[in-house]
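If you want the building blocks of each chain, they are given just below.
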Amino acid sequence: MSYFTDPFQYDFFSRALIVSVLIGALAGAIGPFVLVRRMAYIGQGMSQSILGGVALGVVWGLDLYFGAAVAAGLSAALIYFVRNRGVPVDTAIGIVASTLFAIGVAVVSSSRDRRLNSANLLFGNVLGVDTEDIILVALVTVIAAIVLFRNYKTLLAVTHNSAVAAAHGVRARLMEVIFSALLAMVVVTALRVLGVLLVAATLLIPAATATMTFRTFRNITIASICLGTSFAIIGLFLSFHRNIASGPAIVLVGATVFAMNMLTSTTSQRNRA
Amino acid sequence: MITLHDIGFSYGNNHVLHDITTDFHPGEIVGIIGPSGAGKTTLLRILLGELTPTQGRINNSSSANIAVGYVPQLDSGERTFPLTVEEMVLLGAAAFSRKKPWFDQSEKREASRILERLGILQLRNNRLSELSGGQFQRALIARALMSRPSLLLLDEPTSGIDLHTRQQVLDLVHELQTDGFTIILTTHDLNWVAAQLPRILCLNGTVTGDGAPSEVLTSQVVRETYGANMDVIFHQGRPVVVDSVNNGGNQ
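Residue numbers (my numbering), protein chains in the order written: chain F, 4 to 276; chain Z, 190 to 440.
Treat the hints loosely; a few may be bogus.
As the list claims (entries may be wrong) - Coverage of chain Z stretches by chain F, computed from C-beta distances (three or more under 8 angstroms per stretch; other residues unrestricted):
| no. | stretch |
| --- | --- |
| 1 | 254-264 |
| 2 | 268-276 |
Unchecked claim - Over the 10 angstroms line for every Cβ pair with chain Z, so calculated as not near, a few chain F residues:
| no. | residue |
| --- | --- |
| 3 | Tyr13 |
| 4 | Thr102 |
| 5 | Leu139 |
| 6 | Ile247 |
As the list claims (entries may be wrong) - Calculated from the model, a selection of chain F residues having no Cβ within reach of chain Z, i.e. all distances over 10 angstroms:
| no. | residue |
| --- | --- |
| 7 | Leu77 |
| 8 | Arg117 |
| 9 | Leu241 |
Simulated from the structure, these hints should not be mistaken for laboratory data.
For glycine and all other residues, C-beta sits at the position ideal for the given N, C-alpha and C.
Sequences are here, hints too, so could you generate the full structure?
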């Protein structure tokens, strides 16, 4: 039993667990929408982009999350701007994300500020989670949950076919803004535990695993939330006992379950054939 | 009644539509035909309210806003989406449903009633990817009906489906017209609309013909619409457009 109780001797573990569970649930809820919109790349791009904002924010004495939020908004605006100049969307994301990421790496590599630890920023660090993080993540999760609860059906309608949804009275543009805001919330709040490089994986792996098993989008969303939460908990214990960064631990747990589920599905399909 | 007065639309310097004047009466069914690039989809998007005309105006004789049900072209992207038929149909009611993640029992009953009416109730728990082209077309119509429309807009409802399914879709469209819906559809299928619909609107940037197929479809109108020399013959009292035997080929 000590495997499960020992970590709680350390306050940081409890704090990290709360934050990880909230982020796992939040990413699990948004993930199916990201998956079916085929927006994995924009999730990855947005998460990479925030490194520049975080680095500059810390250097200029601002809050880490403030810098991340500004960078997320800036990257979305720049992608929109570049795309509207006739550049394909994947190219626009690649250029904007790489540029903002490069700014972040440049600032981090030239700074001696201890808060700008490149490994922690890239891959997450549970030791860095403090009470303020818990309050912020809890607040964001509650807001996101309310927004998602109230707009689930209209978001789904717009995700399935924006033109049809708009024709049937849904405020499609507003839903797109709400979705982008929800995505930015996940990316920014997951920064501390997951790091900027692994956020996209936590959005996609629970959703992709659930899609293989469940038929209805509602059940996929519920399963994705449960899986996201479970991966976060198991990954955090793994991180503690194996002394590996929290972000990779959570992603590796998810990837293992995804692979097992995929192999099981493939085997059962072959057996049925 | 919906009346279009001198409607025009441009994408930048590209003038897609100009001087479109026509009207659509309650309960009628109209087929819009024309070649690719004729502005059929643009006109449909104007009627949907998705695009605002760059010239002219649209009048609605009714005091209330027109509730539009939209059936898009068959899209493989939509079919790979992890939704069941019932889930997709219910999304037609998303705009006026209560602000919670699930639909009420009354809405589910309404969806079942529509699915039964369209003959696909037994497929309600099937994933969209498991449907044939005709079944998916019916599911798209069911979603449009779920939005409680008075006007149904169907974009190329006969493309990508076999002849048997095409007839089924047509029968369904006629049944819906009998129920009082105003129906406007676009199609490339000239002879199909000529044989089956009471009114056609020929489009090639502007209206080149408008009325009953037997009156509108002449060699001259077909040439103005499609830019091709075609003969119009009559078979069992219906016009049929065929390749010209005199100088066949496009101009």
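In ascending order, which of the hints set out earlier in this document are inconsistent with the structure? Checked against the structure, no hint fails, so every one of them is satisfied.
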